[in-house]
Amino acid sequence: MTRWPRAFALFCYEFAVGDTPELAIGVGLVIVATWALAGKHSPLGFWFIPAAVTLLLAVSLWRGAVTKART
Amino acid sequence: MTATLLIALAVFGASAVETVEALTIVVAAGLTRGWRSALEGAAAAFGCLVVVVAVFGPTLVNYVPINVLRVVVGSLLLVLGLQWLRKAILRATGYRPKHDEDAIYHREVERLSGPPRTQSGRDAIGFTISFKGVLLEGMEIVMIVLTLGLSSGHLLVASSAALAAVILVAAVGVLVSRQLREVPENAMKLAVGLMLVSFGSFWGGQGAGVSWPGADLSLLGLLAGYAVVTWLAIRFLGQAGSGPVQVVG
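Residue numbers (the numbering used here), protein chains in the order written: chain C, 1 to 71; chain H, 1 to 249.
It should be emphasised that the hints constitute simulated quantities derived from the structure, not laboratory data.
Mixed in with the good hints, there may be bad ones.
[Stated by the list, open to error] Beta-carbon label-pair distances, calculated as ranges:
no., chain 1, residue 1, chain 2, residue 2, range
1, H, Gly238, C, Arg3, 24 to 34 angstroms
2, C, Ala33, H, Val64, 21 to 31 angstroms
3, C, Arg3, H, Ala215, 17 to 27 angstroms
4, C, Phe8, H, Trp231, 32 to 42 angstroms
[To be verified] Derived contacts from chain C toward chain H, CB cut-off under 10 angstroms, selection only:
no., residue
5, Phe15
6, Ile31
7, Ala33
8, Trp35
9, Thr54
10, Leu57
[Stated by the list, open to error] Not close to chain C: a few residues of chain H, all C-beta gaps over 12 angstroms, as computed:
no., residue
11, Val51
12, Val53
13, Gly57
14, Arg107
15, Ser152
16, Leu156
17, Met188
18, Leu232
Glycine is no exception: its CB is placed at the ideal position from the N, C-alpha and C atoms.
Using the sequences plus the hints, can you model the full thing?
Listed below in structure tokens is the structure:
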């Protein structure tokens, strides 16, 4: 009976995290930081997401390239 | 109008990519274990996916506040879009082997060429492989349909675009049979990844309280900005050099 929920939880983990935990954690932090910035009616809010997402992608690509270079 | 068109394109592209992957498994199961079981497995999985959309779609719309939905959906789209974009960039620059449907097909055929099927024409292995393949790939389509459709309030547009992609890819798959490698999967993954990241940024930000300048039109700005970043990343990683590009399944 516990097989289906377990399999579904495993699928969700693979779907959202997989082999790129830095992306899942990073996106969570970006959204929280955006909420903090926009919550204070800061004009910085709208450019923060694209800038942070670009940085996140760069870090993840660097990690992917370094991992490949090591293997 | 801009957002609706982008949603339809994003869902269509993502669904087409996932359908190609599912179709590879169904064709492999059909040719080795018999078409009856493979098609029954695919149909059963398709039925399950329809039930998931029918149950979760209206439930989420009616009971979850729109801003909460946008933050959750935006975050999910950002993660998924960044995963696709990362994979496509690494594949385009040779840091990761290209996805080859032909190799996957041959691997599946080899794996399934085992014990004979039953006299009734039904085969449990063929059914299960086909069911799991369609259910897993289809679940990704369902996630994208639900997230994009619900956040924008265009669930019908998203569902129709997904259905159109599934029908088109299935029809083309039947015509070309095993030549699924001709599908430019990496280019599609790159384009869809860009769209998912743009929508994720837009809705995640909106849910967190950001007022985007130009409302929906800022989606085009986000798309253009991320496209430039992707182009620069491909150029930079391409120049960094990574040796010959491998192709595996």
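Results for each hint:
1. Glycine 238 of chain H and arginine 3 of chain C have their C-beta atoms about 45 angstroms apart, which leaves the hinted 24 to 34 angstroms range violated.
2. Distance hint check: the CB atoms of alanine 33 of chain C and valine 64 of chain H are about 23 angstroms apart, consistent with the given range 21 to 31 angstroms.
3. Our hint of 17 to 27 angstroms for arginine 3 of chain C and alanine 215 of chain H is violated, since their Cβ atoms are close to 46 angstroms apart.
4. Separation of phenylalanine 8 of chain C from tryptophan 231 of chain H is about 38 angstroms and conforms to the stated range, judged on CB atoms against 32 to 42 angstroms.
5. Taking 10 angstroms as the C-beta cut-off, the interface hint given for phenylalanine 15 of chain C holds, the closest approach to chain H being about 7 angstroms.
6. At a threshold of 10 angstroms, the smallest CB-CB gap from isoleucine 31 of chain C to chain H is about 5 angstroms, leaving the interface hint in force.
7. A distance limit of 10 angstroms between C-beta atoms decides the matter here; for alanine 33 of chain C the minimum to chain H is near 9 angstroms, and the interface restraint holds.
8. For tryptophan 35 of chain C, the suggested interface contact is upheld, since its CB lies about 4 angstroms from the closest CB of chain H, less than 10 angstroms.
9. A least Cβ separation of about 5 angstroms between threonine 54 of chain C and chain H falls short of the 10 angstroms threshold, and the interface hint therefore holds.
10. Given hint, leucine 57 of chain C at the interface with chain H, holds; its Cβ is 6 angstroms from that chain's nearest Cβ, closer than 10 angstroms.
11. At the 12 angstroms boundary, the C-beta of valine 51 of chain H stays outside the reach of chain C, the nearest C-beta of that chain being 14 angstroms off.
12. With a least CB separation of 16 angstroms from chain C, valine 53 of chain H remains clear of the 12 angstroms interface cut-off, as annotated.
13. For glycine 57 of chain H, the shortest C-beta to C-beta distance to chain C comes to about 18 angstroms, beyond the 12 angstroms cut-off, and the non-interface label holds.
14. The beta carbon of arginine 107 of chain H is kept farther than 12 angstroms from every beta carbon of chain C, the shortest such distance being approximately 20 angstroms.
15. A cut-off of 12 angstroms between C-beta atoms confirms that serine 152 of chain H is not in contact with chain C; the least separation is 18 angstroms.
16. The claim that leucine 156 of chain H lies off the interface holds: its Cβ sits roughly 24 angstroms from the closest Cβ of chain C, which is beyond the 12 angstroms cut-off.
17. Residue placement check: methionine 188 of chain H keeps its beta carbon more than 12 angstroms from all beta carbons of chain C (closest about 19 angstroms).
18. At roughly 10 angstroms, the least C-beta separation between leucine 232 of chain H and chain C is not larger than 12 angstroms, which violates its mark as non-interface.
Violation of the numbered hints given earlier is confined to hints 1, 3 and 18; the remaining hints are satisfied by the structure.
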